[in-house]
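Asks: Here is what each chain is made of, one letter per residue.
2 protein chains.
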Amino acid sequence: MFIKKQRLLTPGPTPLLPRALHAMMASDIHHRTQDFIKLYPQVLADLKHVYGTQGDVLITVSSGTGALEAAVSNFFSAGDKVIVLSAGKFGERWVELAKAFSLDATVLTAEYGDTVSPARVEAALKENPSAKGVFFQASETSTGAAHDVESIGKLCQAHGALCIVDAITGLGTMPLDIDGWGLDLVIGGSQKAFMIPPGLAFISVSPKAWAQGASATLPRLYFDLKKEKKMADKGESAWTPNVSLILALSESLKYIKDLGMDNLVANAQMLAHATRTAATTLGLELFAPNSPSSSVTAIKAPAGLDSSEIVKGFRNNFGAIIANGQGTMKGQIFRIAHLGYFDFADMFSLIAELELILHSKGVPVEFGKGVAAVQKIYAEAAFKKA
Amino acid sequence: MFIKKQRLLTPGPTPLLPRALHAMMASDIHHRTQDFIKLYPQVLADLKHVYGTQGDVLITVSSGTGALEAAVSNFFSAGDKVIVLSAGKFGERWVELAKAFSLDATVLTAEYGDTVSPARVEAALKENPSAKGVFFQASETSTGAAHDVESIGKLCQAHGALCIVDAITGLGTMPLDIDGWGLDLVIGGSQKAFMIPPGLAFISVSPKAWAQGASATLPRLYFDLKKEKKMADKGESAWTPNVSLILALSESLKYIKDLGMDNLVANAQMLAHATRTAATTLGLELFAPNSPSSSVTAIKAPAGLDSSEIVKGFRNNFGAIIANGQGTMKGQIFRIAHLGYFDFADMFSLIAELELILHSKGVPVEFGKGVAAVQKIYAEAAFKKA
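Chains as they are written, first to last, in my numbering: chain X, 280 to 665; chain D, 280 to 665.
Heads up, some of the hints might be wrong.
Intra- or inter-copy, both count: the list cannot distinguish identical chains.
Restricting the straight-line Cα-Cα distance to at most 20 Å, the calculated cross-link-like pairs of lysine to aspartate or glutamate (EDC-like) are [stated by the list, open to error]:
#  : residue 1 : residue 2
1  : Lys378    : Asp335
2  : Lys579    : Asp537
3  : Lys284    : Asp307
4  : Lys509    : Asp307
5  : Lys506    : Glu371
6  : Lys368    : Glu390
7  : Lys591    : Asp541
8  : Lys368    : Asp503
9  : Lys284    : Glu632
10 : Lys487    : Asp503
11 : Lys411    : Asp585
12 : Lys655    : Glu632
13 : Lys506    : Asp335
These are calculated hints, taken from the structure and not from any lab test. Everything numeric in this text was worked out from a predicted model, so none of it was measured.
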């Protein structure tokens, strides 16, 4: 028996930034005192900095789904025409939300692993000139595919529809020019590239979204963003905040600002590139080869091998928690994450472990070949720079 | 300059149980793995044990207000007739929720510091035989007054209306026989008697509530309790849970179970009794003398003294954070909390500090007189038992 350090390497929750985790120990502060009112506006300002928008960025005490709901309930009315892109489990969540809140949704679906093209979005906007919003995922975490956010954002701008982006795994893994591309509502989550535990969600709101929201009649109170904004302007939160996670976020945002959001994105992109290269070098097939996300790489299990066996192999042999497929993709694919606090050390061991697991399952593998592919990418990127 | 240990002594957030706080450091587990699925059902079972109900008890990742919203959106339809008791800032939140979700609310108000009598509730139920629910606070945290939950619960039972109790500061501070008294929805919050930071809310659901919910048409997704229940039955949460707080809750529930919920309630009641006695011994007036809550005691500032000065005195001289009045009560009252992890050591120092602060503001005080009143209560209760 060898020591197995348990490592959480999933596309959310992600590896925790130690200093952010430790900051939670100072949770005995009250949210209506100066202790908090010194902390919260700085957190909101840093979050806005990291989002890179001139619009508002607000925090909700909820999972990401709560902020997705806020994007619906604050800016739309029952019966509003909208367009929903559905290319995976999280696209299906938008569909579910649109239904729960009685929006009149035209759903553009793509096969798992694929994405909805901007051309299809444009055609749908032309067919539905009254559409008030387009909902989609920047990165569809369940399949590892990324939408063309820039093109879709610009189409929404041209057609006057709100552009609503679930960027829960997109933020910090791909460039998102929120103001330049016309992204009106951009949702993030604490347990993703923000490197802290789950429990907080974020949403940026453009002036155009606020204007549409002024006449939106869907019922809401807990997720009332106008109320949240009013309190945020006073340095407070509308409801009792999750103080422990605000403390953690304060630390992780400092880390991300010091690193630079561009570097965080570049880091994820480089790790994603290395993972794809290693996987194909080992003869494995990518699940979303045409529009791969940099937040997570979905890899097909070799023919005849259930991907659950690979996930279990990582866990049982090496203490590494990686993601299986979700829904019908379970057993078909496994997913390696890159969002947030991931580095090349994680990669070297993960690929070495993958080689050993494949070998143990009878898949022919040349030890070190996948690792060498990652090393080559590292050497080219890092030593060239130096 | 003396050392001032900062002490959080407010009616929520409350003093943190150290072992629960420390448990949050183990947050790097994934909510769809066995690590979590071993943890969560035990937490739900312990929560149910502590609630003392045969019904379901579910957890939402939100502040308490989120669970209040869930109590509205899951069990009612727009236009439903309901009765809302409003005796303080939290009663006003029920009114706000009823309005946001288009319920047809008959509002029974009481002056701050007072409560709505069961007789008034009975009259309202007779006048509104179609009323589908009665909403109120067990303990109105803003005024320190407690409603007669047993009588109101039994009236709801007799009239067939759902009984919806905001027990966010009631749980763990007063007896609540959920099943015996017919309390259909009972809401709690993590940062109260549960001794952990804010970010989780709890709601018990009776079979009668589930039955009414089956035909409820208000829109909901994030707070969809049917979905939550379905996942809870599988040992999981519907959305990504706040893992750090679930870990903390697991520890605090063990502590409360070991202590006994009855003893937690008795502890709060004894501290509340001692606080009231000390306050009146010092010549101060209680804000809710007729129906005092055991979660928090609201005390009027002496004539001519702004209660903010007392609150500041605690903070600046002794590092103790106590609560001011809320809304129009700010400056009029100060509030001493008893819910959760409070003990007699807290009381002795608080009352000694109060005596010093009053003295420093020119209020005539005999040092030690209030403390002696608390000591006497302790001696009678503890040494008699021994």
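Asks: Against each hint, give a clear statement of whether it holds in the structure.
Replies: Consistency of the hints with the structure:
Proximity of Lys378 and Asp335 under a CA criterion of 20 Å is satisfied in neither setting, with 27 Å inside one chain copy and 27 Å between copies. For the homomeric pair Lys579 and Asp537, neither the shortest alpha-carbon distance inside one copy (36 Å) nor that between copies (49 Å) is at most 20 Å. Taking identical chains as interchangeable, the C-alpha atoms of Lys284 and Asp307 lie at most 20 Å apart only when they sit on different chains, with a minimum of 12 Å there against 31 Å within one chain. When the C-alpha separation of Lys509 and Asp307 is checked against a cutoff of 20 Å, the pair qualifies neither within a copy, at 25 Å, nor between copies, at 34 Å.
Taking the shortest alpha-carbon separations for Lys506 and Glu371, only the inter-copy value of 16 Å comes in at or below 20 Å, while the best intra-copy value is 29 Å. In the homo-oligomer, the alpha carbons of Lys368 and Glu390 lie at most 20 Å apart inside one protomer (11 Å), although the nearest pairing across protomers, at 50 Å, exceeds that limit. For the identical chains of this complex, Lys591 and Asp541 are neighbours neither inside a copy (34 Å) nor across copies (44 Å), given an alpha-carbon limit of 20 Å. For a Cα distance limit of 20 Å, the shortest separation of Lys368 from Asp503 across copies, 18 Å, qualifies, whereas the shortest one inside one copy, 26 Å, does not.
In the homo-oligomer, the alpha carbons of Lys284 and Glu632 lie at most 20 Å apart inside one protomer (13 Å), although the nearest pairing across protomers, at 49 Å, exceeds that limit. Taking identical chains as interchangeable, the C-alpha atoms of Lys487 and Asp503 lie at most 20 Å apart only when both belong to the same chain, with a minimum of 17 Å there against 30 Å between chains. Within a single copy, Lys411 and Asp585 get their C-alpha atoms no closer than 43 Å, and across copies no closer than 52 Å, so neither meets the 20 Å cut-off. With identical chains, the CA atoms of Lys655 and Glu632 are at most 20 Å apart within one copy only, with a shortest distance of 18 Å there and 67 Å across copies.
In this homomeric assembly, Lys506 and Asp335 come within 20 Å of each other (Cα to Cα) only inside a single copy, at 13 Å, whereas the closest approach across copies is 32 Å.
Violated hints, listed in ascending order, are 1, 2, 4, 7, 11; each of the other numbered hints is respected by the structure.
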